Amino acid sequence: MTTLHIDHASRWFGNVVAVNDVTMTVGPGVTGLLGPNGAGKSTLINMMGGFLDPSTGTVTLDGQTIWGSESVYREIGVVPEREAMYDFLTGREFVLANAELQGLGAKEAQRALATVEMEYAQDRKISTYSKGMRQRVKMASALVHEPSVLLLDEPFNGMDPRQRMQLMDLLRRMGADGRTVLFSSHILEEVEQLASHIEVIVAGRHAASGDFRKIRRLMTDRPHRYLVRSSDDRALAAALIADPSTAGIEVDHGDGGLRVQAVDFGRFTELLPRVARERGIRLLTVSPSDESLESVFSYLVAA
Amino acid sequence: MYNPTVARLTYRALLGRRRALILFLLPAMLLVIAAAVRAFNGADDQVAADVLGGFALATMVPLIGVIAGTGAIGPEIDDGSIVYLLSKPVKRSSIIFTKLIVAIAVTMVFSAVPTFVAGYILNGNGQQVAVAYTVAALVASIAYSALFLLLGTVSRHAVVIGLVYALVWETLFGSLIAGARTLSVQQWALALAQKVTGDGLITSDVALPTAVALLAAVTVVATWFAGHKLSRLTLAGEE
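Chains P and Y supply the protein sequences, listed in that same order.
Everything in the first sequence is counted per this note's numbering, starting at 52 for the first residue and increasing by one.
Everything in the second sequence is counted per this note's numbering, starting at 348 for the first residue and increasing by one.
Derived from the structure by calculation, the hints contain no laboratory data.
Keep in mind it's a predicted model, so treat the numbers as computed, not measured.
Beta carbons are placed, not taken as given, at the ideal position from N, Cα and C, and that holds for glycine.
You may find that some hints are simply not true.
Just so you have them, the derived chain Y footprint on chain P, three or more residues with Cβ under 8 Å [said to hold, decoys possible]:
no., segment
1, 125 to 138
2, 152 to 160
3, 292 to 305
All chains should be modelled from the sequences, with the hints used to inform the complete structure.
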């Protein structure tokens, strides 16, 4: 039970392709959906949650098409990214309403509130809640019926570190129980701490899939570019290019310095200071020139 | 079909927002006008019919219908909180049906009840004028609620479109172009009011059987279409 299948699913809005021919399977345990902002993570989660129909392809839960079927919500719990909820209700009233809509009652609502540790503020209006408190009440509303699939869109946004730890513990427990937990994030460290399995989405495409060690290796093994300035650029260049960890060096006359492309990250970081010391060259600047998350992701797409 | 939880959320959303003030303001205005007319003019059947027809049925009922009908679903779709209703094993058609019942109940309470009271103030229900306009307000509440609920489901600008329909189409065009009057909830409701008073105080451009058929058709078709729209509603992310 409870495996999500996304099969060659695409979704476009007018001329904009938000999700492009993605195929993945999300099974029991905690899966992280990683990608930069605007990569199509929300679109993908909305398709898995039945709030968007795929333009082509299929999104199914154990063989049942999710779009247009209300009965899947007995299995699925959804924690949306958007802030809007019924602000004029208290936390308790909100969770109780969600329980009733699942055909459950006050007992289940109270248990869900206890699970997210929101009992202390349950009788306050939601409009008075902080972002983290809202997030936890949203969690409670998605947990009332103990779903076997839980979908969370950027659940850690706006949480303080303690709340983040709490939620991570909760999601880990749910994953260990054999539930299918999928959450999206644009922060690698978040995903790495929590997810046993990672799916990477970049520019609407499925870029990589695997456990975090594999993703981490892909990210560190990519070619790194550095700007290096030293007391003797040309001597340094000659020494570096002799080693296989360096793929290319360009002398930059404009900025003054060397643009180095390293292919073996670990070896290069050890090589550079050693070579400099042996030749008596002073390193003045060593700065990575493409460390942005986007460049990391775009490398993954090409890989 | 009727879901009490959806109904409770809808009532609280409708009566808890600032817009709800208009729900109290308009009936209060009607009662003040009725009291003033009675005080200065005394009881007069024709004047009573004119006030109830001109203000209560032509202006107040459609305005309250716009607020209750669009307000029962529009804000939830706009801000995305409808996701908490849609992510439940509840039929989309029962969400619409429940919201329609709530919108009808609110429109009836805030338009038909004050119409009846105002009628009594104006001429003590002489010639059945109060009852006639109350009946008209009740049936108009049903059709307006269904129409404006549909509008709230299909458009982000439901309130504006609803106001334009209620004020420009029903009131302005209705008084200028005879044809527009045939396609007007107000005229259909007046056909029933005419039947109740019986003697020329109230006139409608539409024959009673046509009016009843059109009222029923508009209500059923608008509700069905709103249910259809809701079941195809997509929620895009914030990206």
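Holds or violated: the segment 152 to 160 of chain P covered by chain Y, criterion of 3 or more residues with Cβ-Cβ distance under 8 Å? Contact hint for the segment 152 to 160 of chain P vs chain Y: holds, 3 residues under 8 Å.
For the segment 292 to 305 of chain P, count the residues whose Cβ lies under 8 Å from any Cβ of chain Y; is that count three or more? violated (count 0)
Chain Y over the segment 125 to 138 of chain P, status - at least 3 residues with CB closer than 8 Å: holds (count 10)
Checked against the numbered hints above, the structure violates only hint 3.
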